[in-house]
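Peer 1: Given chain A, work out where chain B should sit, using these hints.
As you go down the protein sequences, you meet chains A and B in turn.
Mind the numbering: the first sequence is residues 0 to 422 in numbering that gives the first Met the number 0, read in order.
Mind the numbering: the second sequence is residues 0 to 422 in numbering that gives the first Met the number 0, read in order.
These are calculated hints, taken from the structure and not from any lab test.
Treat the numbers as computed from the prediction; the structure is a model and nothing was measured.
Be a bit skeptical, because a hint or two may be false.
Calculated lysine-lysine pairs in the DSS-like style (CA-CA distance at most 27 Å, straight line) [stated by the list, open to error]:
id	chain 1	residue 1	chain 2	residue 2
1	B	Lys121	A	Lys128
2	A	Lys40	B	Lys402
3	A	Lys121	B	Lys30
4	B	Lys402	B	Lys30
5	B	Lys121	A	Lys358
6	A	Lys130	B	Lys278
2 protein chains.
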Amino acid sequence: MEYAKLSRNELESIKAELEKEYNELKAKGLKLDMSRGKPSKAQLDLSTDLFNMQLSPEEFMIDGIDARNYGTLSGLPSMRRLFADLLGVKYEETFIGGSASLNLMFDLISKAYTHGLLMSEKPWSQLEKVKFLCPAPGYDRHFAISKSFGMEMIYVPINDDGPDMDMVEELVKDPAVKGMWCVPKYSNPCGIIYSDEVIDRIAALKPAAKDFALMWDNAYCVHEFDGEFIPFRDMLTLCRENGNENMVYEFASTSKITFPGAGVSVMATSEKNMEYLLKILTVQTISYDKLNQLKHFKFFKDKQGVLDHMKKHALLMKPKFDVVIEYLDKYVKPYGVAKYNHPKGGYFVSLDTMEGCAKRTHQLVKEAGVVMTGAGATFPYGNDPKDSNLRIAPSLPPIEELKAAMEVLCVSVKLAAVEKLLG
Amino acid sequence: MEYAKLSRNELESIKAELEKEYNELKAKGLKLDMSRGKPSKAQLDLSTDLFNMQLSPEEFMIDGIDARNYGTLSGLPSMRRLFADLLGVKYEETFIGGSASLNLMFDLISKAYTHGLLMSEKPWSQLEKVKFLCPAPGYDRHFAISKSFGMEMIYVPINDDGPDMDMVEELVKDPAVKGMWCVPKYSNPCGIIYSDEVIDRIAALKPAAKDFALMWDNAYCVHEFDGEFIPFRDMLTLCRENGNENMVYEFASTSKITFPGAGVSVMATSEKNMEYLLKILTVQTISYDKLNQLKHFKFFKDKQGVLDHMKKHALLMKPKFDVVIEYLDKYVKPYGVAKYNHPKGGYFVSLDTMEGCAKRTHQLVKEAGVVMTGAGATFPYGNDPKDSNLRIAPSLPPIEELKAAMEVLCVSVKLAAVEKLLG
Chain A
0 MEYAKLSRNE LESIKAELEK EYNELKAKGL KLDMSRGKPS KAQLDLSTDL
50 FNMQLSPEEF MIDGIDARNY GTLSGLPSMR RLFADLLGVK YEETFIGGSA
100 SLNLMFDLIS KAYTHGLLMS EKPWSQLEKV KFLCPAPGYD RHFAISKSFG
150 MEMIYVPIND DGPDMDMVEE LVKDPAVKGM WCVPKYSNPC GIIYSDEVID
200 RIAALKPAAK DFALMWDNAY CVHEFDGEFI PFRDMLTLCR ENGNENMVYE
250 FASTSKITFP GAGVSVMATS EKNMEYLLKI LTVQTISYDK LNQLKHFKFF
300 KDKQGVLDHM KKHALLMKPK FDVVIEYLDK YVKPYGVAKY NHPKGGYFVS
350 LDTMEGCAKR THQLVKEAGV VMTGAGATFP YGNDPKDSNL RIAPSLPPIE
400 ELKAAMEVLC VSVKLAAVEK LLG
Chain B
0 MEYAKLSRNE LESIKAELEK EYNELKAKGL KLDMSRGKPS KAQLDLSTDL
50 FNMQLSPEEF MIDGIDARNY GTLSGLPSMR RLFADLLGVK YEETFIGGSA
100 SLNLMFDLIS KAYTHGLLMS EKPWSQLEKV KFLCPAPGYD RHFAISKSFG
150 MEMIYVPIND DGPDMDMVEE LVKDPAVKGM WCVPKYSNPC GIIYSDEVID
200 RIAALKPAAK DFALMWDNAY CVHEFDGEFI PFRDMLTLCR ENGNENMVYE
250 FASTSKITFP GAGVSVMATS EKNMEYLLKI LTVQTISYDK LNQLKHFKFF
300 KDKQGVLDHM KKHALLMKPK FDVVIEYLDK YVKPYGVAKY NHPKGGYFVS
350 LDTMEGCAKR THQLVKEAGV VMTGAGATFP YGNDPKDSNL RIAPSLPPIE
400 ELKAAMEVLC VSVKLAAVEK LLG
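Isolated chain A, as found in the complex (with noise of 0.2 Å):
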């Protein structure tokens, strides 16, 4: 039944029947939101005893710090140790932020234009040009900043083991190159998590570039929904282990344990790199919110606190996920028109249409009323070179939207791949 093996006026005929399902999921009006990786409410119900959370003027003293006041720029020393624990770093290489890892990251590349990193020759906005390494699909924003910064975007393609190592080897020879954006567990969007293989070319690179910047956003770090947690390796360690301990930052937040808008940030690197970062940080900013580092410090207690919260989010979050795979394992798998994954953790599923046809599916799913990021939005400068692949976001709709868009989705994959069939 694969709609490629069919004739044109088969086709013609499946053509009319979709586009009168389609017509009729359109007449109802829908209005759903399937565009952001956005925690839903019930999701963010499980925080609520870490925002009612009651002390006395004497328990906001922690580590010999009245976590109220101005100061210990570096975070609280006990949210710090937690965050090391989680990621497997060291204490000494964490750095607390705000409430959002991205402001970390625009702010490190931010810091290498003004100031240039710790390896940095010069600032680089110095330089004639500076080009970043874009394995796609991947992460909106991440593309977002390097296009803020004027960079060249440079895409390489994602397997289901990690970038196109061939490719990055060859292209971080290039000084210009320098860095490389990466969601390595549960990538947005695939949800693949990187092999160990990758993982160990990535942490051998020789780029030309001494400061090359790899950008390790590990933003799902303990976001299984399915099964239990994964460990994963220490990018840190292993890039010291090569002899690129100043080349790798590692990003990660409580966006997605606790409140999105309002959960705590941490950076990862070289004792080194931090030690240089530190003196331009002091002059950014007196402190980072403390008292919200407490807040999660005492509802977690340490990393079993938070991999046992997790636990909470993935009977949430499987259900949903659920519902995507059996809608496109039904209605249109058979059909040989589209590609999936089936990640066990993240926020995301990715879809890939048949080429061509990501566009027209966005399109269609529009204007029946469902919002979806945009067709390309995943790869550098909005051109997915196939025009092929669609982000699938489950989390925030409640289940029954969420089978309504799924069913305006699946008709709208199928419906968009026949119109291309037929030319």
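Peer 2: Structure of chain B alone, referenced to chain A:
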């Protein structure tokens, strides 16, 4: 009894007395801190109810937004309205940041370097030279930002009514002069309020640089500790009326209203500037901590709520400033070896020793166990041309410790002066 009018013999005898007195104080092995404008524990305790607020899941909804989730980059509308009311600016002109307004200032300057400001012909990183006006004595952290970005800092003396405007008006004719740091109300450290005439002249400046950035740090906008709240003119309106709509960036925060380490900051600037900056800010972060904004809004409700709260701070602050002035009046004034202000708000008393005596005085107090901000720190490049300014920050230590510290300071000021007079 002014030292300058005494004979050498008389001075020698006084010196011996002062040395004896100083050594006795030193022998006590004091450990006192008057270095930074940090609120005391009693002040922090005033906001315990803010931290301990309890909300049901439904109460996180405000302005139609779930404050827990991603989004609403400019900040919660309720909190923006509150800040707009406090500063006398328009709602549309406000942007709520994280816990430190210093961070907003650094970020703005950083954006001027990487992207340029709205009126910039090119990013400042592409200019041969960037100069910045630094009225001094001023806030050391402002100057640290300028220094970090490699600006040439130009010293402008501060008079009792604000910066020397004849000088400022002359200096801004240089197109390389890109901005000026100002703390217009209860200036750090002088404690003065800029006069109407000075404010009018600043608003009417005609800088050669089209992208001149007036950094209007209104850090002490509601920080009266002696007497009623003094309304302050809205610089955004004044600049607009003078055709300088896009020249001014105003900053404030609740750091010294609620929690220094965990307050809410605000930037106010023209709607055109805001529109321009939001395009970069939306790349920099997803949103700042809206839960902290929510708590602050619910704690204060409105401007009057903030002013009422500041009265509680005043009750704790005024006795400390009274001690400082009492000691200076009693133990220093009669000898004609120092001048100082009598602020009614803010966090500092600015002390001018005899010329050439600030560093020596600082050394003496330090060796007797009292930490003060370094001599010269209040000037660009840490270079006080007269070596006379010291900043007294009396808020943190309890009254008894403050008295002990002031005792040391008074003796040290006199001893340094006598040493100087004896040559």
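Peer 1: Now, for every hint given, state plainly whether the structure supports it.
Peer 2: Tested hints:
no., hint, in the structure
1, B:Lys121 / A:Lys128, "17 Å, holds"
2, A:Lys40 / B:Lys402, "54 Å, violated"
3, A:Lys121 / B:Lys30, "43 Å, violated"
4, B:Lys402 / B:Lys30, "13 Å, holds"
5, B:Lys121 / A:Lys358, "36 Å, violated"
6, A:Lys130 / B:Lys278, "22 Å, holds"
Going down the numbered hints, you'll see the structure goes against 2, 3, 5, while the others check out.
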